[in-house]
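Chemist: Spelled out, the chains give:
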Amino acid sequence: MTASGRTPAATERELAESILEGIRTTAARIGRTISLMEVCGTHTVELRRQGIHSLLPRNVRLVSGPGCPVCVTPAGYIDNAITAAEKGRALVASFGDMLKVPGSTGATLASLAGRGRVKLVYSPSELPDLAEKSTLPVLFLAIGFETTIPTVLSALLAARSRGIRNLLLYTAFKTIVPALRFLLARTGPALDAFLLPGHVSAIIGTQAYSFLADAGGIPGIVTGFEPLDMLLGILLALRQVEEGKHEVQNAYPRVVKQQGNIKALELMAACLVPGSDRWRGLGRIDGGSLGLKADLAAFDAEQQLDLSEASDTELPGCLCARVIAGEAEPPECGLYARRCTPEDPVGPCMVSSEGTCAAWFRYGGDGL
Amino acid sequence: MSEAQLIRLEHGSGGALSRELVEAVIYPAFRSEAYPELSDASPITPGADILVTTDGYVVDPPFFPGGDIGRLAVFGTCNDLAVSGAQPVCLTLALILEEGFPIENLRRVLRSASEAAREAGVRVVTGDTKVVPRGAGGGIYITTTGIGRRCFPHPLSPSRIREGDLVIVSGPVGSHGIAILAARESLPVGAGLRSDAALLFPLASGLFGLGQSLCFMRDATRGGVAAVLNEIAAPGAGDTRSWGIEVEEESFPINPEVRTVADLLGLNPLEVANEGVLVAVVSAPACDEALRILHVHPLGRDARVVGRVTTLRPGTVVLRTRIGGRRILDFPRGLLLPRIC
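Residue numbers (the numbering used here), protein chains in the order written: chain A, 1 to 368; chain B, 1001 to 1341.
Treat each hint with caution, since some may be false.
[Unchecked claim] Calculated Cβ distances over 10 Å to all of chain B for the following chain A residues:
| # | residue |
| --- | --- |
| 1 | E17 |
| 2 | Q50 |
| 3 | H53 |
| 4 | G116 |
| 5 | P128 |
| 6 | G163 |
| 7 | L228 |
| 8 | K245 |
| 9 | D286 |
| 10 | Q303 |
| 11 | L315 |
| 12 | E343 |
| 13 | R362 |
[Said to hold, decoys possible] With a straight-line cut-off of 25 Å between C-alpha atoms, the simulated DMTMM-like cross-links for lysine to aspartate or glutamate are:
| # | chain 1 | residue 1 | chain 2 | residue 2 |
| --- | --- | --- | --- | --- |
| 14 | A | K119 | A | D129 |
| 15 | A | K119 | B | D1060 |
| 16 | B | K1130 | B | D1060 |
| 17 | A | K119 | A | D306 |
| 18 | A | K133 | B | E1185 |
| 19 | A | K87 | A | D312 |
| 20 | A | K293 | A | E314 |
| 21 | A | K119 | B | E1010 |
| 22 | A | K263 | A | D306 |
| 23 | A | K263 | A | D300 |
| 24 | A | K119 | B | E1185 |
No wet-lab data here; the hints were simulated from the structure.
For each residue, glycine too, the CB sits at the ideal point set by N, CA and C.
Could you put the whole structure together from the sequences, leaning on the hints where they help?
Modeler: Written out as structure tokens, the structure reads:
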């Protein structure tokens, strides 16, 4: 590795070629079409950005999974946030991508930003100060997986210890393992292996995936984000498929440990309780969401502002729900690249920088 | 009114939306058969040897490592003339100042612009000054218009590009934009991270020696080399031809500091603005000579061939990644957004 953390180019290309050779020969021996689901939105983008699809044999298919937090948040959640901002009940604080996601009527939070009802934040650490200065309650759009959740909770606890009372979290936190179980039960034999998310796994540890080794499981490879990491993840998945195994393998040991990040896990356990909120496109998933515990109810936007449960309605013609579930590819959608572009998105998969449609649009689909 | 009908910051980013705005809203207002192409500089009358160009400068902050808005306003406009085959002769300079802007800062900017003009061998011959109320402007905006004399007889136009031509980038890419962002975000950065603001006339005039083999040049400012490559692939406006461009990711010269900070900010240096880099398309047999010419000049020391013109996938720039994968290199889209996961 060089100082910038990169493998020198010549070595990298040689290593890539030798892993690819392994991928080609293994895939050829398997013969049939193999479908690997990359669960994480960052993988969806990086696989396309590195042109990895163009290097794989024809019978190896990569399917994008539900790992983009913006994408799996239902439209009704946006509607509720817009209503709260419009009625002046709260100052809505959010990361950038969420501001551009249309709700079920097509309206976005971004259109309210000019009226001082919506505030873009770059880090949850800005929230305590923001809440302290604000006359209105600050409603933070608390979306994300285990990678994001601990930093949001830290900000909340910091606010509480400073005696700040008007910070409210509108939680749409998601947890990935129940979603994997759900997908496995729903798609069954259509999926051959999971490329498991490197960053989330750094928090939850490889132990969280032990169910994959049980009967009915499929191989799961914890995969990093450099080109060689991703190629290695694919090779290890194919090898398990060939050998008929279904084990959890860690192809990202420089970051991911078996037990995960214990401090972060303890923080989440202390503050959050599992729920079964809706995922866009997938519906209710038992234990697939995380909400605030009763002793933090004073900071829970749903309770304090009496928000209704977020409905999951799609805009007419938008295929995001099926794209998120890995059941459709972007060009199958009649809106893709016509009515729905990164500049003027219709569905969340085009809004989010980690969305499948955005990655296809930006880096090209298959067949390059 | 829907958001799609309002000007957004992305319209000024030099990417896909900027181009749409020019093609759909601005160009139609002035369309003329005598000027069928969207070029950075044009003859004052069709076929004339006097060229004119204009450019507005709104950089924030106005002083940054490696330059300031004054130097930029002179060099940027001179560069538009140089890559259009003209030697800059004189400039006009218009200031829009915000109430409250320190006069000492204005002096600094003007001293710098004056030095830059001396370096460029041009005179600032007329100008204008306006002041807007506090809050209605960003401190200081400058518009310069440049007049130049044609010194390269052939049109430097996408219409002269042919299959098999090679694409050359004159120096390390992304330095200007990353230096500005780092200054804006107050990132602690090393001495290596400076704007590349520089005069391109010495490099361009060297390449004029290639004669007909020099087909096209453009300075890769907003939108970076990615925007220029896409403009070559699909020139747009009155030009209906389009080409495929294939480039190698590894062949682009990039300073290590720029790469590190770009990685940190999640940016692609190919999409980031330059102020001292030109992209040239030359016919393949003249390529070695072109590189030899560029390498003699300090600014062109790292010049490299980055790709070639093909008839495959017209209108598209395909990038071969560092592991040999293929993907599209699109017009830059959107602005920097925070990462959420």
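Chemist: Evaluate each hint against the coordinates.
Modeler: Checked hints:
no., hint, in the structure
1, E17, "violated (7 Å)"
2, Q50, "violated (5 Å)"
3, H53, "violated (8 Å)"
4, G116, "holds (15 Å)"
5, P128, "holds (18 Å)"
6, G163, "holds (28 Å)"
7, L228, "violated (7 Å)"
8, K245, "holds (27 Å)"
9, D286, "holds (23 Å)"
10, Q303, "holds (24 Å)"
11, L315, "holds (14 Å)"
12, E343, "violated (5 Å)"
13, R362, "violated (5 Å)"
14, A:K119 x A:D129, "holds (13 Å)"
15, A:K119 x B:D1060, "holds (22 Å)"
16, B:K1130 x B:D1060, "holds (19 Å)"
17, A:K119 x A:D306, "holds (21 Å)"
18, A:K133 x B:E1185, "holds (23 Å)"
19, A:K87 x A:D312, "holds (22 Å)"
20, A:K293 x A:E314, "violated (30 Å)"
21, A:K119 x B:E1010, "holds (19 Å)"
22, A:K263 x A:D306, "violated (32 Å)"
23, A:K263 x A:D300, "holds (23 Å)"
24, A:K119 x B:E1185, "holds (19 Å)"
Comparing the model with each earlier hint shows violations of hints 1, 2, 3, 7, 12, 13, 20, 22; every other hint is respected.
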